[in-house]
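Listed here are the chains, written in short residue letters.
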Amino acid sequence: MADKNRKKRRRRAIILGGLIAFLLYGLAVQKTDVDLAEIQSTQRRESLVRIMRALAHPTLIRYDSEELTISADMLVPCPDGAEVPAVDTTQATYLIVTPSCADPGATVTVEGHGFTPNFDVTVEFRPESDFDITRRMDSFTTDDSGNFTGSVTIPNRESENFQQVEATTSVRVGSWLHRVVVWTDANNNGVRDEEEMGPSGTLTLEIPDVATIPGAGLALVVGDKVVQTVTTDGDFTAIGGPAAGLQMNAGVIGDAPITIDSLSPEGAAQISAPAGTDLSGAEILVYNPVTGDRAGIQAITDTFELSPRLDKNATDTLDKIIETVFMAFLATTLGTFIALPLSFMAARNLMRDIRTTVTNLALNLLAIPVGGFVGLWVSRWARGLAGLVGSDWLNLLLVIALPIALIATLRAVLSEEDTEAPTSSERAIQMAITIASGFVVAIWTYVAGTLLQHVGRAIQPNLGVFGFLGNFIAIVGEVARLLLPVIAILGTVGLMMNFGSKIGFALNDRMSAQAIRSVNLPLAAAAGAVIAVMLGFIVDWFYQFGSPLPTFWIPLIVGALIGVYLAARRKRSQGVSVGMIVYYMARTLFNTLRSIEPLVMVIVFVVWVGFGPFAGSLALSLHTAASLAKLYSEQVESIATGPIEAVRATGATRMQTIIYGVVPQIVPPYLSFTMYRWDINVRMSTIIGFAGGGGIGFLLQQNINLLHYRDAAAQMLAIAIVVATMDWVSARLRERLV
Amino acid sequence: MLKVEHLTKIYDGGTLALDDVSFEVEDGRFLAVIGLSGSGKSTLLRCINRLIEPTEGRIIWNGVDVTSASQEDLRRIRRRIGMVFQHFNLVNRSKVTTNVLAGRLGYTNPAFALLNRFSAEDHQRARTQLDRVGLVDRDHHRADALSGGQQQRVGIARAMIQEPEMILADEPVASLDPVLAHSIMQYLEQINQHDGVTVLCSLHFLDLVERYSQQVIALNEGKLVFQGTASELDDEKFRDIYGQEAERVG
Chain A
3 MADKNRKKRR RRAIILGGLI AFLLYGLAVQ KTDVDLAEIQ STQRRESLVR IMRALAHPTL
63 IRYDSEELTI SADMLVPCPD GAEVPAVDTT QATYLIVTPS CADPGATVTV EGHGFTPNFD
123 VTVEFRPESD FDITRRMDSF TTDDSGNFTG SVTIPNRESE NFQQVEATTS VRVGSWLHRV
183 VVWTDANNNG VRDEEEMGPS GTLTLEIPDV ATIPGAGLAL VVGDKVVQTV TTDGDFTAIG
243 GPAAGLQMNA GVIGDAPITI DSLSPEGAAQ ISAPAGTDLS GAEILVYNPV TGDRAGIQAI
303 TDTFELSPRL DKNATDTLDK IIETVFMAFL ATTLGTFIAL PLSFMAARNL MRDIRTTVTN
363 LALNLLAIPV GGFVGLWVSR WARGLAGLVG SDWLNLLLVI ALPIALIATL RAVLSEEDTE
423 APTSSERAIQ MAITIASGFV VAIWTYVAGT LLQHVGRAIQ PNLGVFGFLG NFIAIVGEVA
483 RLLLPVIAIL GTVGLMMNFG SKIGFALNDR MSAQAIRSVN LPLAAAAGAV IAVMLGFIVD
543 WFYQFGSPLP TFWIPLIVGA LIGVYLAARR KRSQGVSVGM IVYYMARTLF NTLRSIEPLV
603 MVIVFVVWVG FGPFAGSLAL SLHTAASLAK LYSEQVESIA TGPIEAVRAT GATRMQTIIY
663 GVVPQIVPPY LSFTMYRWDI NVRMSTIIGF AGGGGIGFLL QQNINLLHYR DAAAQMLAIA
723 IVVATMDWVS ARLRERLV
Chain B
17 MLKVEHLTKI YDGGTLALDD VSFEVEDGRF LAVIGLSGSG KSTLLRCINR LIEPTEGRII
77 WNGVDVTSAS QEDLRRIRRR IGMVFQHFNL VNRSKVTTNV LAGRLGYTNP AFALLNRFSA
137 EDHQRARTQL DRVGLVDRDH HRADALSGGQ QQRVGIARAM IQEPEMILAD EPVASLDPVL
197 AHSIMQYLEQ INQHDGVTVL CSLHFLDLVE RYSQQVIALN EGKLVFQGTA SELDDEKFRD
257 IYGQEAERVG
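In order, the protein sequence lines correspond to chains A and B. Take 3 as the starting number for the first sequence in the working numbering and just add one per residue. Take 17 as the starting number for the second sequence in the working numbering and just add one per residue.
Simulated from the structure, these hints should not be mistaken for lab results. For each residue, glycine too, the CB sits at the ideal point set by N, CA and C. Wrong hints could be hidden among the right ones.
Some but not every residue of chain A turned toward chain B, in silico, with C-beta under 8 Å [to be verified]: (1) D511; (2) A515; (3) M657.
Computed far set for chain B versus chain A, every beta-carbon distance over 10 Å [as the list claims (entries may be wrong)]: (4) I26; (5) Q87; (6) D250; (7) E261.
Okay, chain A solo, but in the shape it has when bound (with noise of 0.2 Å):
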């Protein structure tokens, strides 16, 4: 009976689910607009085909080309006693055309051979005619032999004389193996100019532009410096525009020196420069002397490239796409330094024991903005001593002295034997070390920052091409001075809360419960009003009320009424499980940075630190810090915990425990995420430049939606190798690791 029952139940479940999934997929068909008339249609047909094409050849190698134009002779119409015109076909190339004569409206048969494979190649009828006409016929594309055949009309030009049928195509010029120089007249005085300076030492050039504009100035321009100004009548001032910012600086290329000697008021500019000198990309800029505006642009010399070359778009690509790994790479260091301690923070099974007394809890919380009062003014005390030092050397022996000091008063004070019960006044002192070190850490942060920001900058010219690790060093020091105050603060504060849960011990300890019950109610209004205090000043910032009631008086009073209600209700032995508290709200925090996506984020960071890969990099290291944490974290939940026990069991606090019983743990799952989001970040990275973040994205999105599709498909292949060699190079690196 009870077996029927479930086959009826099961078989209705099976009846009621194909009813729920019917009614699910023609919602989706309706919802995503699937349309079956456009697939088939043909214009789509071949729009298909083009995009496809156009995406499988991408723009990476640049060929000069060069038309190629076959002609074959023949009469319209047929004359009595047909005289046919002769066919060279030993040449390469060649055209026939059948019937050699034809009346006009006629169909003739044109025939090419030796012309390049899969190419187009346009027909055209070249009349008798005193001007240089021609008449398209047709159009046709060659064979993978290079021929073609194709049938045309023949035009109504009647002549006695023979008139041409013509093939024209454009020719590739050059070939990887046989590179061919290709000559632009980029100053466009119709003489071939090299690129150096000839054995005259002077280059006369038409400036066409200046003849419009009466008062043109010029601008000499060697890369991106602006060497000299002039006009046809000396001075140029403009009022505004680009060109009032013109700075000039010495007129020099590498060493030698470049000048416009001369310009005349049609035009012609005299520029003078030792012999040999190289001219390539110096240019001369045209300004409106009215409006400032550039007019016009000219470069001094021709160019000359060599055909085949890799094209533009290819090396931007190559340019963008290395952006784009150093973007992730970046953003997956910061992410994870990030993620390292916060991940602790949010795993369960390590949160889960730490309970503390309600005493305890109020004591900590009242430090934490004490401890961020103190932190700021520790940091803003260092920083002002630390600048009192004007001379990098001192600066340099204190970076050298500091640690040295720290370390030898350390040891001999502290013993790495950790030996009996210390007593209240190596307790007192114990805690004044601590102090002190911190102001000399804080102290040689700022200093050793300092010095590095004044190597760094100090070197960064004398390093020619590793410059950058000049400027490496040197924002390294920028960043620790930045984060002086941060550190600071976290470090007072932590040291603070130590200290608060020291008290709460001592009074747990000595005090009767009565007495700790008094003491209790007191301390959580004064921690709750202090919280709550926080978090109106958090709303005032976001919505700024401009008036202290809803702000601050009601945070006041009702933070401290919840703090006395909770201590009150709370159990001595029972305590607050503090542990989870941290637990749930680290969670909430991952989990919502992590809905937003970096895309999304990277809007709020270019607008604070502008367009470009920086920005994309802080976006994706907050993503990254938010998700690693979170993955980390569960590594850390599903861990053995046998070995913490053991670790616990020898008497070690829960630092070490966490040092020697967990962290041996996690390190390869650790590593293996962190490959893995870096090999995310790659992916990303390539479409946060969609937000303005920099990498190879805005470079795709801009031909993408100019509609280049061959360029674009240059950056997607650039994509395609890199995510597939990241992940090859990632899984491998796993593999070795763990």
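Go by the hints and put chain B onto chain A.
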């Protein structure tokens, strides 16, 4: 002397693991704790160094109340109590030496924890202990590269480097084959006889109990059902401990 008074443990789920257990152990004794699986043996051992917080009752060790010790005092108590586990509980990916050195964590200044280093004396101690269990040549191997018996010997070295006054051994031989079991038990016996360390050891096999213990307590469903010596364990007592249908093996 270790005094356990009215010890009761009720887990969060409401399970009564220990029910009013009281007993005493003189210093330097070898106490065997027997009972069925789930009778509360592990909970009892873990309550003694407060890896598990007892719900009620007191544990007095050398005149100090362990149950009410502050975190700082507890650290000083725990470092004098070595612990050996059924599943060895070594950190698999760490070297043998590091695992042994972890036993010194209770003595190292917590401020130095981040530096991840131990003093030269501690390294010397680790060598001595590894030498004692015959594994000094394996000190640079990863812990999981060792066999089960070897891993348990590392576990003993880790407990011994604490220079303990008492060792809590939670079924130290239950995951090992009988031949290895005797070798491990002999190490514990030697520590007990030679170093005068009190040993509290939970055991499954009664022949091991008879062979090594000087004193026996038995638990059944969290209650203390027997207290005496191994020779006093007759068939009637045996049934009280293991149930009416149980039969003696080995």
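Beyond 10 Å from every chain A Cβ - status for I26 (chain B): Correct as stated: the minimum Cβ-Cβ distance to chain A is 13 Å, above 10 Å.
Hint check, D511 (chain A) versus chain B [nearest Cβ-Cβ separation less than 8 Å]: 6 Å, holds
E261 (chain B) and chain A, when compared Cβ to Cβ, separated by more than 10 Å: Holds, since 33 Å exceeds 10 Å.
Proposed interface contact between M657 (chain A) and chain B, which counts if any beta carbon pair is under 8 Å: 5 Å, holds
Whether Q87 (chain B) stays farther than 10 Å from all C-beta atoms of chain A, as the label says: Q87 (chain B) is in fact no farther than 10 Å from some Cβ atom of chain A, at 7 Å.
Chain B contact restraint for A515 (chain A) - C-beta distance below 8 Å: Not OK, violated: A515 (chain A) not within 8 Å of chain B, min 13 Å.
Cβ separation check - D250 (chain B) to all of chain A, threshold 10 Å: Holds, because the least Cβ-Cβ distance between D250 (chain B) and chain A comes to about 35 Å, which exceeds 10 Å.
In summary, the numbered hints that this structure violates are 2 and 5.
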